[in-house]
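With chain A fixed as given, assemble chain B onto it according to the hints.
Those protein sequences? They're chains A and B, same order as listed.
If you count by this note's numbering, then the first sequence holds residues 1 to 653, one letter each, in order.
If you count by this note's numbering, then the second sequence holds residues 1 to 653, one letter each, in order.
Just to be clear, a hint being listed does not mean it is correct.
Stated by the list, open to error - Restraint ranges, calculated between C-beta atoms of paired labels, are given here:
{"id": "1", "chain 1": "B", "residue 1": "Lys465", "chain 2": "A", "residue 2": "Glu379", "range": "52 to 60 Å"}
{"id": "2", "chain 1": "A", "residue 1": "Ser56", "chain 2": "B", "residue 2": "Ala191", "range": "41 to 49 Å"}
{"id": "3", "chain 1": "B", "residue 1": "Asp110", "chain 2": "A", "residue 2": "Ser56", "range": "49 to 57 Å"}
{"id": "4", "chain 1": "A", "residue 1": "Gly508", "chain 2": "B", "residue 2": "Val71", "range": "40 to 48 Å"}
{"id": "5", "chain 1": "B", "residue 1": "Val23", "chain 2": "A", "residue 2": "Arg195", "range": "35 to 43 Å"}
{"id": "6", "chain 1": "B", "residue 1": "Met411", "chain 2": "A", "residue 2": "Leu628", "range": "58 to 66 Å"}
{"id": "7", "chain 1": "B", "residue 1": "Asp549", "chain 2": "A", "residue 2": "Val118", "range": "44 to 52 Å"}
Claimed, not checked - Stretch by stretch, here's where chain A covers chain B in the computed footprint (C-beta under 8 Å, at least three residues):
{"id": "8", "stretch": "240-252"}
{"id": "9", "stretch": "260-271"}
Claimed, not checked - Not close to chain A: a few residues of chain B, all C-beta gaps over 12 Å, as computed:
{"id": "10", "residue": "Val23"}
{"id": "11", "residue": "Asp281"}
{"id": "12", "residue": "Met411"}
{"id": "13", "residue": "Pro422"}
{"id": "14", "residue": "Met447"}
{"id": "15", "residue": "His455"}
{"id": "16", "residue": "Pro612"}
Source of the hints: derived by calculation from the structure; they are not laboratory data.
These numbers come from a predicted model, not from an experiment.
Virtual Cβ for every residue (Gly too), placed ideally from N, Cα, C.
2 protein chains.
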Amino acid sequence: MQIHYRGYEANDPRIKPAAGFGVDRATDMPDEMDVLVVGTGPAASVVTAQLSRFPSINARVVERRPGRLEVGQADGIQARSVETFQAFGFAGEVIEEAYRNVEMCFWKPDHDDPSIIVRTSRAPDDATGMSEFPHIYVNQSRILDYFLRDAVRAPGRIVPDYGVQFVDCTIDQDAPYPVAARVEYVTGPRAGEMRTVRAKYLVGGDGARSRVRASLGHGLHGEAALHAWGVMDVLANTDFPDIQLKCSIQSHDAGNILLIPREGGYLVRIYVDLGEIDELDGGAVRSTPVEAIIAKANRILHPYSLDVRAVTWWSVYEVAHRIADGFDDVPTDLVGIQTPRAFIMGDACHTHSAKAGQGMNVSIQDGFNLAWKLAAVLEGRAPETLLSTYAAERRVVAQNLIDFDKEWSEMMARPVDSWEDPTELERYYVATLEFPAGFMTQYAPSMITLGTEDHDLAAGFPVGKRFKSAEVIRRADNRWRHLGHFHEADGRWRLYVFADSAAPALSGTPTAEFADWWSTDPASPLVRFTPVGGDSDAVFDTKVIYQQDYTLVEPSAVPNAFKPVKTPLGLIDINQIFAAGHGRDIFRDREISRDGAIVVVRPDQYVAAVLPLSAREELASFFDGHMLTPVETSNPASDQDVPTITIAERTAL
Amino acid sequence: MQIHYRGYEANDPRIKPAAGFGVDRATDMPDEMDVLVVGTGPAASVVTAQLSRFPSINARVVERRPGRLEVGQADGIQARSVETFQAFGFAGEVIEEAYRNVEMCFWKPDHDDPSIIVRTSRAPDDATGMSEFPHIYVNQSRILDYFLRDAVRAPGRIVPDYGVQFVDCTIDQDAPYPVAARVEYVTGPRAGEMRTVRAKYLVGGDGARSRVRASLGHGLHGEAALHAWGVMDVLANTDFPDIQLKCSIQSHDAGNILLIPREGGYLVRIYVDLGEIDELDGGAVRSTPVEAIIAKANRILHPYSLDVRAVTWWSVYEVAHRIADGFDDVPTDLVGIQTPRAFIMGDACHTHSAKAGQGMNVSIQDGFNLAWKLAAVLEGRAPETLLSTYAAERRVVAQNLIDFDKEWSEMMARPVDSWEDPTELERYYVATLEFPAGFMTQYAPSMITLGTEDHDLAAGFPVGKRFKSAEVIRRADNRWRHLGHFHEADGRWRLYVFADSAAPALSGTPTAEFADWWSTDPASPLVRFTPVGGDSDAVFDTKVIYQQDYTLVEPSAVPNAFKPVKTPLGLIDINQIFAAGHGRDIFRDREISRDGAIVVVRPDQYVAAVLPLSAREELASFFDGHMLTPVETSNPASDQDVPTITIAERTAL
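For reference, chain A alone in the conformation it holds in the complex (with noise of 0.2 Å):
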């Protein structure tokens, strides 16, 4: 947490002055806004988390509910969504709370006597070291908590409109504000007041029933059966011995059951399975009351039984593998020629089981992709070509989690006298863990992402997939710190330049030629791209990590590239240096070439590129393609102009 650097503060570090749209924030929807967010489930929380980072920008988010979300829904959070929460300054608070999965363990009927259950099997959940997250498990709500608090915290301080549900719209491309919508008040006093609101842009995280995919006039397609669940979040005793263990479990006739533990310590989520319907069924299989599923439970459970105290939250309901024919409102033959204007993220655009624990994470995923690029194009920062990368992105991720999670449904529902290997289920689930992780992922070149022409450079950084922390030593402090961990979710570029082998120096090693390319070239990105009068890293970051013990690096020796200036005290950064020591050396831990490179990183933490110490084009033509120059509206001599020396009283102790 870098703070301080304006003057002391003398408050919460975590809770930012207000800003902008920020400083006595409007109370009643305007009339006219920025962006319209639909719903504060888990996507159009961390979109709403984000956008309030910009407090230029007028964002309002209108949610039908009366208030926040209280129980049920989701609880499955995977490594890459706490890695997301880190970049929004709350992973620490939501693992001390949530549920540590740490061993899955798999249950089937005994090999002599078929009618009970035995253990047969245990899982490490992370025994190749993808993430220093964890797998974690905890009530939906609490994560919309955290987000829609941080919202609050930063500068724009959105906070949801709550009672009032999104209608329908229309699109007016050559409008100043594109996008008209139908709202409806229908809580609180202004129940059943219809108004239309104008947006520059439209996000719909509205969920499975989206009404902003409906008037975008897309819809959902895939299979037309539907799997049924009876799902209950429980209390109660047990001689089951893993009660508090992720489980599957599965009978020899009485069906299965997923087990997932929760937050707490005693409370536990129960999936039944209740098979496939038909879509015709009419909904039949909804009125399955809950004595039934814990008689199911029991029944499954065999020679154990459960002692349910109580039913907390429960809900029976059926899914199909469906995917929405469209992310955005641009028409098939118009993508690549016009700009979208309107997005839907989340459960609008797929649906699947839960069984993979995928939904909420591939949702807030979802809402990080696009975020950062709405804050850069309606900062003036970015063209509008920019949102067309949203769709691209996004669709083919959305598709890739139906096929994965229609398969390990598949397989968790499938009869225990059909497994050919009776290892096999175990055997997949370790050798897929990748993908419900959410490290699987990995994007296409494109404006923001370049090939892998030079990837050797920086092995264990794969262009298109997450940027995965390693630990380095942090000169100005000397302490082990995880690289990735700096990078917050403030909108900016990530430049780690790992430095080639010679001792850090000013002047005369690859390194320091680049740093000072990067600094004072007229066609460096940072010069081009960065506004005159901010902090000289507001728009890239950019760090230096040298191969050398940090013993043997002083911040005198280290180009003023790495070392960006603060307004408005003119405070030098000496916290972007870093080197190996203690053990740690992340040039052999992520196959850095000893002749140095560039890995240049998103702000939603993906790698866009891994370039050589010599690049200068490359960069600077990559920067082009989705940077636009800022107007220098501020003081260009504000380098130079030092203030003068602030004093506070001396205290009396």
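Relative to the frame of chain A, chain B by itself:
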């Protein structure tokens, strides 16, 4: 975090429902109260947070400032304090926010050119693994914020009464509210109003010029000479390479600096030694301007320079090593006869230099030591004699602190030329690190601490010292955890039952036999002192740790003594069962006998006893010495009185 065991908690689990005096807590101070706390410094804040967890106690806290502390004062936080934050639930947040110290650097005059300083050595902060918690620096105001936030989140909902100054008090041992305290409103609409309020107990945490101390007739005694310091929090640019590291900087003839990096990556605190001064100096040194301190710092840092951009806080102060002649109101000749009604803590009873970073830390432990005892007495669980142990225990600690700090600050102030061995300062620093880290406190035998007769059964848990946590596997979720981190500041005693080498069994082993006695025998402290009708672990938190790998421990084979029952749902808690696994073996790490051992830990985390599994009479008489039998007001049949199942409404998805 154990939650949901009384039903689903829909909100932030860190915010507990208000209860007792916390329900519609009176905004005006009442005329009579259980405890009057004076001050909101570190010691007083701990007491406030602890007492707020016992909402049957009416505690009020007066603070003469109009609101929270914003800046300045202490910033050094030792690992023992972070352990304590963990018990109050906010260690993770503080660590994220604070500077974390991993290495101290020593700078001295260059051998060849004494006019310049050079780095001569580095010392790691905790090379021996004293604690799993770090040594951190963060402004004192934030620590107070966290404790006071905890007080508001706890059921008692205690908020300080700001703008109220303690004036003086009288004590009448025979009155129902023995302490009559005069307080004056100093800010707000009632400014100038004087009131007399009455309390059962008075707790003075009102600093070095404590009025509570004066009212009790105590003085501070010790050195006559004063040592002067210039101290400033600055934002600066510098070519000194270790500006973000803890440094001792000794110049040839310009003086010495203690450099303390601070939270946020930019701020540093600089202590500049201004030398010994005579008390009769009359405070002339206090008029030293900050410019003179900056100039002196620059001379010490030569050849480096410090370009101060902002001074965010500064002071010049003099301090002597002094200790109060009494820590409570009991006259020396009545110790052991009369029980105390008033206490002083923190700077009110010990003053010393800031150099060892001890002030806030020792104060926190003063408060932690006192508060649980007050709660136990006021809730009728302990006799008033328990309160005598506060002064007995903390006076020894204060004297040790003053002895240590005297030696350390004398060494740091000594001119470079006067050292016989130039490495002596570093060697002393490394050799004595356990003291400033807070782990040298060892309480002597008393009514709440037994002797060391059976110490060999668990040599890694020295009796009288704080329980040093180690990793175990919790059997419920098969996850490794720090055993000590389950010890929250809830006033409960801990009984860690380290099992004998037999497999878990319901009978026939020393562990099972102890368990049976502990949970069912009329002579057992658990049976005698646990109120009927509540949770069976309300007074004693009993945990069992098996030697076996966790895969060999099934909850059904574990005696009921280690599976408490929670009201009102009658939920059986399986979270108190631990084992070895994944390379973790607490028996090895803490040198516990393979025949088993019982380790008793006080509510303030200090080891009270190590006993064999055969212990019965020792436990019975130990707890008999400081516990009172509860009045059975509840329904004795409630254990059998299983409520009906509660079932939530079905949620449509």
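Is the nearest CB of chain A more than 12 Å from the CB of B/Pro612? Non-interface label stands for B/Pro612: nearest chain A Cβ at 30 Å, farther than 12 Å.
Is it the case that B/Asp281 keeps its Cβ farther than 12 Å from each residue Cβ in chain A? holds, 16 Å
Given that the stretch 260-271 of chain B was listed as covered by chain A, double-check it with a C-beta distance under 8 Å for 3 or more residues. holds (count 7)
12 Å Cβ clearance of B/Met447 from chain A: holds, 34 Å
Between B/Asp549 and A/Val118, is the Cβ distance one that fits in 44 to 52 Å? Taking Cβ atoms as reference, B/Asp549 and A/Val118 lie about 19 Å apart, which means the hint is violated.
With 49 to 57 Å as the target window, see if B/Asp110 and A/Ser56 comply at their CB atoms. With Cβ atoms ~52 Å apart, the hint holds.
Consistency of beta-carbon spacing, B/Val71 to A/Gly508, with hint 40 to 48 Å: holds, 45 Å
52 to 60 Å was suggested as the range; check whether the CB atoms of B/Lys465 and A/Glu379 agree with it. Because 57 Å falls inside the window, the suggested range holds.
Are all C-beta atoms of chain A more than 12 Å from that of B/His455? Label holds. Min Cβ-Cβ 33 Å, cutoff 12 Å.
Measuring Cβ to Cβ, find out whether B/Met411 lies farther than 12 Å from everything in chain A. holds, 23 Å
Per the hint of 41 to 49 Å, is the separation of the Cβ atoms of A/Ser56 and B/Ala191 within bounds? Since A/Ser56 and B/Ala191 have Cβ atoms about 43 Å apart, the given range 41 to 49 Å holds.
For the stretch 240-252 of chain B, do three or more residues have a beta carbon lying closer than 8 Å to a beta carbon of chain A? Check passed, 4 qualifying residues.
Checked against the numbered hints listed earlier, the structure breaks hint 7 alone; every other hint is satisfied.
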